[in-house]
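*Asks:* For this one, chain A is given, so just place chain B on it according to the hints.
There are 2 protein chains.
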Amino acid sequence: MEQLKQRIRREGKVLPGNIIKVDGFLNHRVDTALLGDIAEEFAKVFDTKKITVVLTAEASGIALATVCAQRFGVPMLFAKKAKSDNIESGLYQSEVFSYTYKKKVTLLVSQEWLSADDHVLIIDDFMANGFAMQGLVDIVNEAGATLEGIGVAVEKGFQGGGDKFRAMKGVRYKALAVIEKVDENGITFREDD
Amino acid sequence: MEQLKQRIRREGKVLPGNIIKVDGFLNHRVDTALLGDIAEEFAKVFDTKKITVVLTAEASGIALATVCAQRFGVPMLFAKKAKSDNIESGLYQSEVFSYTYKKKVTLLVSQEWLSADDHVLIIDDFMANGFAMQGLVDIVNEAGATLEGIGVAVEKGFQGGGDKFRAMKGVRYKALAVIEKVDENGITFREDD
Numbered sequence: 011m012e013q014l015k016q017r018i019r020r021e022g023k024v025l026p027g028n029i030i031k032v033d034g035f036l037n038h039r040v041d042t043a044l045l046g047d048i049a050e051e052f053a054k055v056f057d058t059k060k061i062t063v064v065l066t067a068e069a070s071g072i073a074l075a076t077v078c079a080q081r082f083g084v085p086m087l088f089a090k091k092a093k094s095d096n097i098e099s100g101l102y103q104s105e106v107f108s109y110t111y112k113k114k115v116t117l118l119v120s121q122e123w124l125s126a127d128d129h130v131l132i133i134d135d136f137m138a139n140g141f142a143m144q145g146l147v148d149i150v151n152e153a154g155a156t157l158e159g160i161g162v163a164v165e166k167g168f169q170g171g172g173d174k175f176r177a178m179k180g181v182r183y184k185a186l187a188v189i190e191k192v193d194e195n196g197i198t199f200r201e202d203d
Numbered sequence: 011m012e013q014l015k016q017r018i019r020r021e022g023k024v025l026p027g028n029i030i031k032v033d034g035f036l037n038h039r040v041d042t043a044l045l046g047d048i049a050e051e052f053a054k055v056f057d058t059k060k061i062t063v064v065l066t067a068e069a070s071g072i073a074l075a076t077v078c079a080q081r082f083g084v085p086m087l088f089a090k091k092a093k094s095d096n097i098e099s100g101l102y103q104s105e106v107f108s109y110t111y112k113k114k115v116t117l118l119v120s121q122e123w124l125s126a127d128d129h130v131l132i133i134d135d136f137m138a139n140g141f142a143m144q145g146l147v148d149i150v151n152e153a154g155a156t157l158e159g160i161g162v163a164v165e166k167g168f169q170g171g172g173d174k175f176r177a178m179k180g181v182r183y184k185a186l187a188v189i190e191k192v193d194e195n196g197i198t199f200r201e202d203d
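For the record, the sequence lines run as chains A and B. Each position in the first sequence, counted from 1, maps to that position plus 10 in our numbering. Each position in the second sequence, counted from 1, maps to that position plus 10 in our numbering.
Just chain A, with the same shape it has in the complex (with noise of 0.2 Å):
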């Protein structure tokens, strides 16, 4: 997608370590009128009459799925992250690895929002090495629920996530802009897929 890749160019910061900072537009302070074009764009890639259901997980992913089950009017149902081992019973869970938090975090789904009669997108801001993803796609399977697609606005490509996502039998994947590289020259996208 052309018109996220401009910004992440113009207003994207690289710092040490290949972390690219989006905050000014995607994931802190998040550009609305952006979102929805964001919405729009997945709209064209994904069968969005089959879907009874966005999910995503907290925080930052919250905002783009909002959006984007709005566009395609059905619910977003967020992935609470729990960092106590206190669960309670009724959830759907997955542990996962957070960058954020430096630790293991649970994703947590109450099992009342999410059966096997759903058909879900699962949409997020950003992705880097997929952890987050593939206990989100747990959830999914946990409910006995159908995969129908995967939305991501950013994937850091060269972390390799996004790789095991596009191998899946029967769900489309989607990134809108896939970053190769980062380096002294700046940002370099893959070719789009």
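What the hints contain is simulated information worked out from the structure, not anything from laboratory work. As the structure is a prediction and not an experimental result, all values here were calculated from the model. Be aware that one or more of the hints could be misleading.
Copies of one chain are not kept apart here, so a pair can be met inside one copy or by any two copies together.
To be verified - Within a straight-line C-alpha distance of at most 20 Å, the following computed SDA-like cross-link-like pairs (lysine to any residue) qualify:
| id | residue 1 | residue 2 |
| --- | --- | --- |
| 1 | LYS15 | LEU186 |
| 2 | LYS91 | PHE107 |
| 3 | LYS31 | ALA92 |
| 4 | LYS191 | GLN16 |
| 5 | LYS112 | GLU68 |
| 6 | LYS54 | ARG39 |
| 7 | LYS60 | ALA43 |
| 8 | LYS91 | SER120 |
| 9 | LYS91 | TYR109 |
| 10 | LYS91 | PHE136 |
| 11 | LYS31 | LEU101 |
| 12 | LYS23 | GLU122 |
| 13 | LYS54 | ASP127 |
| 14 | LYS31 | GLU68 |
| 15 | LYS91 | LYS112 |
*Replies:* Structure of chain B alone, referenced to chain A:
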């Protein structure tokens, strides 16, 4: 807002300790159409032409704040919650007590994204004691920005959190459903103020 009160009456769950769960449509699975209607309601209450940014706190406020910001044509900015003592520089911060985490957390907003030129509408989905809301107000003041209004979807009026904001001079405060009492007879709402 009658539609919201009806949803709370019909789908809200009262748990021991006067806890009211609205996680089926507001803060876990989110009814995005309802959020659109709530944003329309806030558009009637606040002078949205003045607003330059909608501010909220992660995580559950993000969905509603995003839909409101999109409706008003401005960015959405969410304060991050840090549980660490290791806070970077360049941040506005306010320490608040979190009932979710049962301890103090620090609300953080990058100084890059909020300035004295901003006219801020704070939006949150739920308010009980108002501690998190006070933290957001403190951050607006720290930035020297102008607080134009505070909009809350559901207020637990009997916990008194809303009253100090109603008493603020020059700041419009609006809660769309104020719960006055919760007992064996169910949920009683305050008349619209």
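*Asks:* State for each hint whether it applies.
*Replies:* Hint-by-hint comparison with the structure:
1. LYS15 with LEU186: Close inside one copy (8 Å), not across copies (39 Å); limit 20 Å.
2. LYS91 with PHE107: both (11 Å within a copy, 18 Å between copies)
3. LYS31 with ALA92: Classified as between: cross-chain Cα gap 18 Å, same-chain 25 Å, threshold 20 Å.
4. LYS191 with GLN16: within (15 Å within a copy, 52 Å between copies)
5. LYS112 with GLU68: both (16 Å within a copy, 19 Å between copies)
6. LYS54 with ARG39: Answer is neither: 26 Å inside a copy and 24 Å across each miss the 20 Å cutoff.
7. LYS60 with ALA43: Classified as between; 18 Å across copies, 25 Å inside a copy.
8. LYS91 with SER120: within (12 Å within a copy, 23 Å between copies)
9. LYS91 with TYR109: both (13 Å within a copy, 15 Å between copies)
10. LYS91 with PHE136: Classified as both; 16 Å inside a copy, 19 Å across copies.
11. LYS31 with LEU101: between (33 Å within a copy, 15 Å between copies)
12. LYS23 with GLU122: For LYS23 and GLU122, only the inter-copy Cα distance (13 Å) is at most 20 Å; the intra-copy one is 40 Å.
13. LYS54 with ASP127: Neither: 24 Å inside a chain and 38 Å across chains, both beyond 20 Å.
14. LYS31 with GLU68: both (18 Å within a copy, 18 Å between copies)
15. LYS91 with LYS112: both (13 Å within a copy, 15 Å between copies)
Hints 6, 13 from the list above are not met by this structure, while the remaining hints are.
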